[in-house]
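Each chain, letter by letter, is given below.
Number of protein chains: 2
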Amino acid sequence: MEKKSCDILIIGGGPAGGVTAVTAKMNFPDREVLVVREFEKQLVPCAIPYIFGETLGCSDKDVASCGAAAEMGISTLLGEVRDIDFKDKIAFTMHEAISFDKVVFATGSKPFVHESLRHALAMEGVFTVAKNKALIDKAKAYIESRNDVVVVGTGFIGIEMAMELVSSGKNVTVVGGSRHILKGAFDSEIAAQAELLLAEAGVTFIGSDRVTAIIDKNNDNTVNAVTLKSGKVIDTDVVILATGYKPNTELAQKVGVSLGHYGGIWVDEYMRTENHDVFAVGDCSARRAFITKTPSKVMLASTSAAEGRVAGSSLYGLKYIKGFSGTIAIFSTMIANSAFSSAGVTEDEARAAGMDIVVGTFSGMNRHPATIPGAQKQLVKLVVTRNGGQIIGGQIVGGSETGEMINIIGLMIESAQSVYKVMSIQVATQPMLTAAPTNYPIVMAAVMAMKKIEC
Amino acid sequence: MEKKSCDILIIGGGPAGGVTAVTAKMNFPDREVLVVREFEKQLVPCAIPYIFGETLGCSDKDVASCGAAAEMGISTLLGEVRDIDFKDKIAFTMHEAISFDKVVFATGSKPFVHESLRHALAMEGVFTVAKNKALIDKAKAYIESRNDVVVVGTGFIGIEMAMELVSSGKNVTVVGGSRHILKGAFDSEIAAQAELLLAEAGVTFIGSDRVTAIIDKNNDNTVNAVTLKSGKVIDTDVVILATGYKPNTELAQKVGVSLGHYGGIWVDEYMRTENHDVFAVGDCSARRAFITKTPSKVMLASTSAAEGRVAGSSLYGLKYIKGFSGTIAIFSTMIANSAFSSAGVTEDEARAAGMDIVVGTFSGMNRHPATIPGAQKQLVKLVVTRNGGQIIGGQIVGGSETGEMINIIGLMIESAQSVYKVMSIQVATQPMLTAAPTNYPIVMAAVMAMKKIEC
Numbered sequence: 001m002e003k004k005s006c007d008i009l010i011i012g013g014g015p016a017g018g019v020t021a022v023t024a025k026m027n028f029p030d031r032e033v034l035v036v037r038e039f040e041k042q043l044v045p046c047a048i049p050y051i052f053g054e055t056l057g058c059s060d061k062d063v064a065s066c067g068a069a070a071e072m073g074i075s076t077l078l079g080e081v082r083d084i085d086f087k088d089k090i091a092f093t094m095h096e097a098i099s100f101d102k103v104v105f106a107t108g109s110k111p112f113v114h115e116s117l118r119h120a121l122a123m124e125g126v127f128t129v130a131k132n133k134a135l136i137d138k139a140k141a142y143i144e145s146r147n148d149v150v151v152v153g154t155g156f157i158g159i160e161m162a163m164e165l166v167s168s169g170k171n172v173t174v175v176g177g178s179r180h181i182l183k184g185a186f187d188s189e190i191a192a193q194a195e196l197l198l199a200e201a202g203v204t205f206i207g208s209d210r211v212t213a214i215i216d217k218n219n220d221n222t223v224n225a226v227t228l229k230s231g232k233v234i235d236t237d238v239v240i241l242a243t244g245y246k247p248n249t250e251l252a253q254k255v256g257v258s259l260g261h262y263g264g265i266w267v268d269e270y271m272r273t274e275n276h277d278v279f280a281v282g283d284c285s286a287r288r289a290f291i292t293k294t295p296s297k298v299m300l301a302s303t304s305a306a307e308g309r310v311a312g313s314s315l316y317g318l319k320y321i322k323g324f325s326g327t328i329a330i331f332s333t334m335i336a337n338s339a340f341s342s343a344g345v346t347e348d349e350a351r352a353a354g355m356d357i358v359v360g361t362f363s364g365m366n367r368h369p370a371t372i373p374g375a376q377k378q379l380v381k382l383v384v385t386r387n388g389g390q391i392i393g394g395q396i397v398g399g400s401e402t403g404e405m406i407n408i409i410g411l412m413i414e415s416a417q418s419v420y421k422v423m424s425i426q427v428a429t430q431p432m433l434t435a436a437p438t439n440y441p442i443v444m445a446a447v448m449a450m451k452k453i454e455c
Numbered sequence: 456m457e458k459k460s461c462d463i464l465i466i467g468g469g470p471a472g473g474v475t476a477v478t479a480k481m482n483f484p485d486r487e488v489l490v491v492r493e494f495e496k497q498l499v500p501c502a503i504p505y506i507f508g509e510t511l512g513c514s515d516k517d518v519a520s521c522g523a524a525a526e527m528g529i530s531t532l533l534g535e536v537r538d539i540d541f542k543d544k545i546a547f548t549m550h551e552a553i554s555f556d557k558v559v560f561a562t563g564s565k566p567f568v569h570e571s572l573r574h575a576l577a578m579e580g581v582f583t584v585a586k587n588k589a590l591i592d593k594a595k596a597y598i599e600s601r602n603d604v605v606v607v608g609t610g611f612i613g614i615e616m617a618m619e620l621v622s623s624g625k626n627v628t629v630v631g632g633s634r635h636i637l638k639g640a641f642d643s644e645i646a647a648q649a650e651l652l653l654a655e656a657g658v659t660f661i662g663s664d665r666v667t668a669i670i671d672k673n674n675d676n677t678v679n680a681v682t683l684k685s686g687k688v689i690d691t692d693v694v695i696l697a698t699g700y701k702p703n704t705e706l707a708q709k710v711g712v713s714l715g716h717y718g719g720i721w722v723d724e725y726m727r728t729e730n731h732d733v734f735a736v737g738d739c740s741a742r743r744a745f746i747t748k749t750p751s752k753v754m755l756a757s758t759s760a761a762e763g764r765v766a767g768s769s770l771y772g773l774k775y776i777k778g779f780s781g782t783i784a785i786f787s788t789m790i791a792n793s794a795f796s797s798a799g800v801t802e803d804e805a806r807a808a809g810m811d812i813v814v815g816t817f818s819g820m821n822r823h824p825a826t827i828p829g830a831q832k833q834l835v836k837l838v839v840t841r842n843g844g845q846i847i848g849g850q851i852v853g854g855s856e857t858g859e860m861i862n863i864i865g866l867m868i869e870s871a872q873s874v875y876k877v878m879s880i881q882v883a884t885q886p887m888l889t890a891a892p893t894n895y896p897i898v899m900a901a902v903m904a905m906k907k908i909e910c
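Protein sequence lines correspond, in order, to chains A and B. Note that my numbering has the first sequence beginning at 1, numbered continuously upward. Note that my numbering has the second sequence beginning at 456, numbered continuously upward.
Be aware that one or more of the hints could be misleading.
[Stated by the list, open to error] Covered, in the sense of this in silico footprint (three residues per stretch, anywhere, with C-beta under 8 Å from a C-beta of chain A), are these stretches of chain B:
{"#": "1", "region": "549-560"}
{"#": "2", "region": "829-840"}
{"#": "3", "region": "887-895"}
[What the hints assert, rightly or not] Within a straight-line C-alpha distance of at most 25 Å, the following computed SDA-like cross-link-like pairs (lysine to any residue) qualify:
{"#": "4", "chain 1": "A", "residue 1": "K133", "chain 2": "A", "residue 2": "L78"}
{"#": "5", "chain 1": "B", "residue 1": "K906", "chain 2": "A", "residue 2": "A97"}
{"#": "6", "chain 1": "A", "residue 1": "K452", "chain 2": "B", "residue 2": "K906"}
The hints are simulated quantities; they were obtained by calculation from the structure and are not laboratory data. Where is the CB? At the ideal position from N, CA and C, for every residue including glycine.
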């Protein structure tokens with residue numbers, strides 16, 4: 001067994017591990033940082049759906065570049081940590097024994113498949129959306145020569161997969177367990193707009209039903225249909241299980257690191273486990289929601305990156321005292337030519353949590369005047385506490401600018417802005433780039449919320 | 456003379472006046488609001504350059520809609536207020552005597568032309584970029600059949616005019632008094648990028664020189680050349696004077712309202728003059744810079760709108776205690792397919808003000824992975840105080856998303872965020888819409904600034 005040593009051992013080379021490594025090296029340049037990762041070529045996880053359509057077209061276009069790490073003097077080892085001796089601070093791969101001072105779990109997540117469907121995972125034609133190049137290549141090759149695809153799951157990965165597949169000529173049906181798609185991120189009236197675009201693109205969406213069985217009618221271990229709870233049977237060549245992800249904590253469990261809710265590794269605000277030499281970041285950690293502080297299943301690379309920055313600067317003392325106080329659940333997706341973005345709590349979620357809220361909505365155009373070529377509708381919805389007028393959530397539908405506009409709302413949530421401040425914030429507006437100065441939608445939605453509070 | 460009366464009289468129907476009216480009616484629904492404005496059809500000021508090219512193509516496509524005001528019960532009177540009796544609270548137009556309780560000056564700005572060039576204003580072929588439909592139509596018609604155009608001034612209106620004119624086949628020369636274009640908004644290395652795009656589009660830019668005379672060689676009162684300080688003579692059919700704007704305070708001066716710096720009406724943080732029944736908003740008011748608190752010439756419709764919201768809610772008591780504490784100077788422009796945005800102080804400006812600052816710069820791609828079709832470079836530069844790490848300025852070059860990204864930086868400036876907080880903010884990232892989660896450029900620029908502070 002080869003002996004290696006480092007100061008900071010990072011297990012996993014995804015977004016969380018990568019950012020932790022870079023941040024650690026930047027903050028503690030004299031420390032040896034070693035990243036152990038499984039794959040030579042690591043996929044950019046959020047762009048996996050685009051491998052399946054015309055947008056990227058192949059997985060080689062979706063490989064994360066790791067050049068910066070090497071340049072900074074961060075070491076990388078291809079392999080898998082299989083055991084850890086915390087007493088002597090040694091981690092073991094198949095071939096190496098690595099001594100360390102601090103260890104960071106960044107082991108990510110794996111596709112979650114409901115128990116009732118796991119029987120089908122070994123079937124030809126049934127795939128998950130795994131963050132694994134070889135598996136994605138296999139799925140892509142299989143789908144290429146087939147026509148009918150059933151996507152199970154209506155989260156953003158499921159919807160993006162469906163849109164890419166339909167754009168490349170497949171006959172696509174999406175089956176979700178709830179009435180609307182993108183549940184949790186959007187309220188129903190906004191999800192309904194997304195569903196219209198899905199339908200216009202030719203995707204069939206079946207909500208309020210769910211796949212109860214995946215079938216090989218010919219008993220040849222090759223899928224050719226799914227059965228729904230309603231009894232409906234859909235013939236299909238391919239089934240894609242986009243039913244979420246679960247924290248990858250096999251190693252953590254094996255070595256006795258405590259887990260929190262939803263199977264993630266328990267961490268405090270600085271991403272430390274109970275043992276302050278042991279950290280966890282990204283999808284493998286247990287998360288809670290920023291506003292409600294309830295356990296959260298939201299997994300986003302951008303959130304993982306933020307956690308990595310906190311962990312990477314807190315390995316030796318707390319360099320910056322801003323910890324990670326919960327996921328804002330901030331993300332965007334593109335459906336046809338419209339972008340849908342969400343941050344914080346939805347109206348439904350806030351009401352379910354018993355919060356006393358008002359909602360401010362404003363609908364305008366994303367350019368001004370509206371005659372600017374390419375101008376499209378833009379809708380902003382803000383969720384605001386009645387007492388204090390604090391902005392706790394936002395949803396936007398619009399053009400591609402929406403992807404950055406939601407980050408304005410994200411910052412408002414994170415910095416606890418109230419509508420009373422936001423109503424007169426200064427923004428840049430430009431005919432070719434934004435809505436009108438007089439009707440800037442985030443400000444107008446704040447004004448609408450203020451009116452409701454006063455009534 | 457017809458007698459009219461209202462509670463709140465707003466003089467001017469541009470962005471500042473319009474937003475003040477709407478905000479006032481919303482906050483004080485029982486008060487009569489009357490807007491007196493000069494033109495039936497009011498141009499959207501920021502889109503005037505797009506009338507001259509293919510983008511809009513005519514001024515009828517650049518008319519502001521005023522439907523909302525009427526619906527809300529705001530009255531409008533076409534006319535010009537020529538005198539005010541503050542003792543009896545009566546304003547006079549040519550035909551009406553309007554009694555009021557509160558009056559708001561929203562008289563806007565007029566093109567500024569240097570003394571040395573004013574002689575040419577009566578010449579055929581010499582135009583300013585006036586916010587006046589008839590004058591713009593006249594200029595457009597004149598230019599249509601001519602070939603050579605000299606644009607004097609390198610602010611964003613001048614540059615947008617030049618780009619639109621060159622795109623419609625004109626031979627365009629821009630002459631500026633300083634070495635770089637867009638001075639004040641961008642540091643030289645970023646302005647240089649914009650100049651490259653200008654050159655690629657076929658616009659000739661002459662910096663560090665200035666137009667000293669506008670000439671009609673044939674003595675027929677029709678321009679056909681300009682002379683520069685260097686002695687150079689440029690033959691031209693058209694001269695566009697885009698040399699800035701000055702507050703329109705003729706009425707204010709006549710009726711004895713005190714002015715502040717740069718000829719604007721003096722106002723406090725709630726947009727009140729010394730007489731608390733008299734307010735001023737928008738370009739006609741004297742502005743100061745948000746960070747340095749020095750007098751500012753910056754005129755932006757979006758800033759005017761923010762002022763209008765403050766004024767409109769402060770007419771009767773201070774409804775919200777957030778006043779307007781200076782212009783952030785936040786704006787964007789589009790040059791070819793690149794957007795250039797700026798907020799707060801530039802590096803040059805900060806150093807000139809004697810501030811102890813560091814700069815954080817990060818250059819990446821605006822999509823991830825970089826193989827996403829249409830991905831382009833994105834550069835973020837942050838100006839940060841060395842003590843405390845407060846973000847006081849930012850500049851961005853990128854795709855159209857830049858127009859909203861600058862509003863994230865704007866909010867950081869306005870809410871006094873430090874790089875220590877920003878380094879781990881949560882953002883939404885999506886392959887088709889934003890940069891990578893691991894290298895989100897605003898966060899990375901903050902990290903770069905932190906490193907410099909520590910060195």
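A quick look at each hint next to the structure:
no. : hint            : result
1   : 549-560         : violated (count 0)
2   : 829-840         : violated (count 0)
3   : 887-895         : holds (count 7)
4   : A/K133 x A/L78  : holds, 15 Å
5   : B/K906 x A/A97  : violated, 34 Å
6   : A/K452 x B/K906 : violated, 45 Å
Going through the hint list in order, the structure does not satisfy hints 1, 2, 5, 6.
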